[in-house]
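Model the full assembly from the supplied sequences, consistent with the hints where possible.
Protein sequences, first through last, are from chains B and F.
Numbering of the first sequence is given in numbering that gives the first Met the number 0, commencing with residue 0 and proceeding in unit increments.
Numbering of the second sequence is given in numbering that gives the first Met the number 0, commencing with residue 0 and proceeding in unit increments.
Hints in this document: simulated from the structure, not taken from any laboratory.
As the structure is a computational prediction, the values presented were derived from the model and not from experiment.
Treat the hints with care, since some could be wrong.
Copies of the same chain look alike in the list, so a pair counts if it fits in one copy or across any two.
Listed below are the simulated DSSO-like cross-link pairs for lysine-lysine, each with C-alpha atoms no more than 30 Å apart in a straight line [unchecked claim]:
#1 Lys168 with Lys47
#2 Lys204 with Lys38
#3 Lys2 with Lys49
#4 Lys169 with Lys47
Number of protein chains: 2
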Amino acid sequence: MEKYLEVLRWCPLFKGIADENLLRMLTCLGARVEFFDKKYTIIAEGDKAKFIGIVLSGAVQMINTDFYGNRSIVAVSEKGEMFSEAFACAEIESIPVSVIATEPSEIMLINCSHILHTCTNNCGFHQQMIFNLMKNLAVKNIQFHQKLEVTSKRSTREKLLAYLTVCEKKAGSTSFDIPFDRQELADYLGVERSGLSAEISKLKKEGVINADKKRFELL
Amino acid sequence: MEKYLEVLRWCPLFKGIADENLLRMLTCLGARVEFFDKKYTIIAEGDKAKFIGIVLSGAVQMINTDFYGNRSIVAVSEKGEMFSEAFACAEIESIPVSVIATEPSEIMLINCSHILHTCTNNCGFHQQMIFNLMKNLAVKNIQFHQKLEVTSKRSTREKLLAYLTVCEKKAGSTSFDIPFDRQELADYLGVERSGLSAEISKLKKEGVINADKKRFELL
DNA sequence: GAAAGTATGTTGAAATTTCAACAAAAGGTG
DNA sequence: CACCTTTTGTTGAAATTTCAACATACTTTC
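Printed below as a string of structure tokens:
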């Protein structure tokens with residue numbers, strides 16, 4: 000597990016926990032690492048919601064596919080971030096989305112009940128970890144607020160600009176990469192790909208943005 | 000505070016805490032109760048995100064108003080439920096939405112730092128409360144997933160039916176009341192009121208639903 | 001480096017939503 | 001009960017989005 004230390008130090012779950020304690024905890028938690036190729040399903044809709052995932056390398060998307068096969072991208076987790084923690088913490092039966100690797104990815108899986116229901120009173124690191132988990136859940140909540148703010152806009156143009164503004168803030172620069180190709184961006188924003196492409200072109204012509212592949216710039 | 004005991008027992012924050020401990024904790028937490036008339040603002044966008052709110056009576060809505068004045072209803076909290084807990088727990092600067100009373104409401108306000116940063120190691124009830132708070136954050140997360148699933152549908156009809164299906168599940172009956180009037184429902188679903196009214200009429204004619212004011216039935 | 005496959009941009013027609021305006025119904029108030 | 005206000009339903013025109021189809025650019029594979 001040593002080779003993952005650098006990523007794990009960045010993971011919100013282990014904030015404030017020293018390396019040597021972290022490594023011991025991983026054993027105690029029964030953490031295991033699995034590799035998934037691009038496009039592979041890490042957790043399928045309907046699976047038991049037992050595990051918290053941590054992205055050690057690569058990236059994953061939470062996908063919601065409806066009755067008619069329409070894909071909606073709910074969220075993205077990148078290196079060092081967690082996923083599926085809300086489902087595991089809420090102790091619901093099964094997970095309502097699928098988690099897909101969008102690149103070859105190494106994923107750490109931890110049975111959430113090991114975090115919630117083991118030695119909660121004795122071990123200080125454990126308390127810290129539960130606190131970290133709570134804070135992370137709150138942060139994810141806020142991210143949902145942001146996503147709702149973006150997708151609740153009525154037009155493709157407004158959704159796109161709202162999303163790019165969020166990215167700009169996150170990146171701390173007017174120029175940044177987004178984690179989506181055009182079809183994925185459309186599925187994330189809840190709009191039509193062709194209309195999205197048209198809108199991007201229009202905004203380029205108007206001199207509002209620059210865009211090339213996944214790189215965007217707000218002018 | 001005794002007169003609020005019945006509601007507070009139902010509040011997810013105090014689950015598993017006996018009445019006598021609960022009352023002592025309220026003092027320790029510095030909980031206070033305020034009354035708000037219908038349409039009054041409990042927390043305004045931009046306010047410091049210090050407080051967790053608990054609805055003792057009445058109901059509140061989380062409202063997001065954009066630059067152009069378009070209203071979007073993010074969520075509703077009813078009797079016994081919490082609000083603003085994610086903002087407080089994430090310890091962000093200021094709250095990005097407004098919380099409005101939709102009926103005359105009694106609201107309990109608790110400074111979240113009193114929950115997170117006081118006697119966390121000594122007091123068992125306190126540990127329980129933090130655990131409850133975490134679980135509630137996870138549940139709210141899942142509710143956001145549900146809302147996204149509803150609002151990510153492309154047509155007014157699909158959004159409405161998806162929302163009504165969620166209500167049906169929650170109510171455990173094909174007939175139920177929704178917490179919105181027509182304009183509010185439109186602002187919650189992210190559609191036009193007139194189009195929504197038209198769609199409701201259509202679904203009634205087709206025999207798919209019954210609807211009268213806030214009461215709906217799925218046929 | 002050629003071939004196949006994937007991603008992106010473009011376009012016009014069809015469908016849907018938004019907008020504005022009004023009428024009818026319901027609710028609140030003196 | 002009459003008046004005023006708010007809510008809801010309806011409608012048609014304008015704007016926007018979706019859909020389908022195709023051309024081009026870019027990637028991957030052999």
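### Task
At 30 Å max between alpha carbons, let me know whether Lys2 reaches Lys49 within a copy, between copies, both or neither.
Classified as within; 25 Å inside a copy, 39 Å across copies.
### Task
Indicate which option fits the pair Lys204, Lys38 if close means a Cα-Cα distance not exceeding 30 Å: within, between, both or neither.
neither (34 Å within a copy, 44 Å between copies)
### Query
Given identical chains, is Lys169 near Lys47, meaning Cα to Cα at most 30 Å, within a copy, between copies, both, or neither?
The answer is between: 21 Å across copies meets 30 Å, while 32 Å in one copy does not.
### Task
Indicate which option fits the pair Lys168, Lys47 if close means a Cα-Cα distance not exceeding 30 Å: within, between, both or neither.
Only across copies: Lys168 and Lys47 sit 20 Å apart there, 35 Å inside one copy, limit 30 Å.
Figure legend: structure checked against the earlier numbered hints; the only hint not met is number 2.
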